[in-house]
Amino acid sequence: MSKFGERRRAWRWPGNERIAFTIGLAFEAFEFQSQYRTRDTPGKLNPLSLSYANYGANVGAWRLLELLDGYGLKSHMSTNGLAAERHPEFLAMSVKEGHEISGHGWVNDRIYTADDLETERRDIARTTDAIAAATGRPPRGWTSSGATPSVNTTGLLAEAGYQWSGDDASDDLPFVKTVGGRSMVMLPHTHTHQNDVQIFLGPRNGPGIIWEGFKESFDQLYREGTDGAPGWTEIILHCQIGGRPVLTGTIRKCLDYIRSHDGVWCTTRGAIADWTLKHEARTQ
Amino acid sequence: MSKFDSRRRSWRWPNNERIAFSIGMAFEAFEFQSQYRTRDTPGKVNPLSLSYAEYGAKVGGWRLLDLFDDYAIKSHISTNGLAAERHPEFLAAAVKEGHEIVGHGWANDRLYATMSAEAERDDIRRTTEAITAATGTAPMGWASPGASPSAHTLDILCETGYRWSGDDASDDIPFVQQVKGRPLVILPQTNAQHNDVQIFLGPRNAPSIIWEGFKESFDQLYREGQEGRPGWTEIILHCHIGGRPVLGGTIRKCLDYVRQHEQVWCTTRNEIAAWALNQNGSGAG
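Read top to bottom, the protein sequences are chains A and B.
21 is the number of the first residue of the first sequence in our numbering; add one for each residue after it.
237 is the number of the first residue of the second sequence in our numbering; add one for each residue after it.
No lab work stands behind these hints, which were simulated from the structure alone.
Hints are not guaranteed to be accurate.
To be verified - Here are the computed lysine-lysine pairs in the BS3-like style, where the Cα-Cα straight-line distance is at most 27 Å:
id, chain 1, residue 1, chain 2, residue 2
1, B, 451, B, 489
2, A, 23, B, 310
3, A, 94, A, 273
4, A, 235, B, 332
5, A, 94, A, 298
6, A, 23, B, 489
7, A, 94, A, 197
8, B, 489, A, 273
9, A, 298, A, 197
10, B, 451, B, 310
11, B, 280, A, 64
12, A, 273, A, 64
13, B, 416, B, 239
14, B, 489, A, 235
15, B, 332, A, 23
16, A, 273, A, 235
17, B, 280, A, 197
18, B, 280, B, 310
19, A, 116, A, 94
20, A, 23, A, 273
With the sequences and hints as input, model every part of the structure.
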């Protein structure tokens, strides 16, 4: 064990794997503009920008379902309520394939501040209901729209019965937080350099950047896992971004790399949340 | 010697090394938002963005301490007062390892450009006290939060007893400035292209951008050092950024590269500052 190894939380995965890997999709809808635009026009409709997001339900989401089927992988899908309302058939198909649907706000270009408590509560309810209507059950987990929660969000999620929140970036491992007297599993961003909107579309980088960041993170965590301190890494692909042909080869490269390693727990966020509660109960 | 050599300041390192190399960490805390965010929300708390910075004390800072232990390398740690107050145990461990603590403002998103001189003086004082309480020693050097000093900063630093400031980008080697009649060493940012927030997180570049910039800087300065014009280069890693797994391999690549070269002074900012004062005697400049 390294000199400062004992300063980090003791952890293991269910089969003592060296590393956990998950893949997340995002199935989004927007009110005014998507992440694809040459000018920022908040509050003003940009039809071309909005059409970029429609690629998801038209093409990209199906391409990704096919890809994941090819690799036998299950994902979680961060889903905006409006997208669930518009495309319930995609979500129903995804659930049938074994993917997990999680909440992601009503529309992705709407964020909430501390003063928007009632609006945020209402939008969480609308989103939860839309996903439940499309899939037959309410989502267990949530990641805020635009990766920008408010100070009220976690409390509202606990109230609404959510079991996990992805609104954290403080660790390579999940942890449990007590919110309103209830346990909320926090699943941190272990995808910061492997998230197609943050690292590829936003800064307009080459596809290779996702491979590079992923391989570096994986290798470092795999080494640490071999030394008894396992971590978790994830790739995030938005149906309208990573679902486009420009990223398919890179995604395959990443998935092939995982497959070439032993001791990887290929899992889902739901399973990680369940394991976290179990691990927490055991170590208490 | 090159044609325009005489135009540049003559300089040497203690054992006539061809280049000096240092590595810095940053241990930060924020009030509203960190450098990781999809939207700028100044003055409004973004809990996810704040949680990104907590990675430093939970995981990243320890990972970097391990890495530096492996390479037997000492660093300086630019530390926000709020981080020192929250996590004195990390600073105590770092000091025990031989790392130097540097003042870095109270919160990294509270910038001096927007403050009164009085508020800034208070901020610098509180930061200095928090670091002294956590480590037992007052910090010798300072680097302003968000790399944004004000017109008052140097004066206040001098009053407070600081010996060096990192708030400069005008050279490849240190120099001494007279501030209120006392010599203050200025340590320029020789890390501009190998600073994980500026070149990696900010613009969302690939990990290899740090290696590329570092190798280029190092090679050029090493060449000049061989010709009698030594310089200084540095890498900066924030505990919550460079401490993440995605940069581990790249940092090792850079450190291995340094090790492959002879005549490198692997040192720290406090040592460089002490040497600069020594070179300048009474600071005639």
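Please list, smallest to largest, the hint numbers that this structure does not respect.
4, 12, 13, 18 and 20
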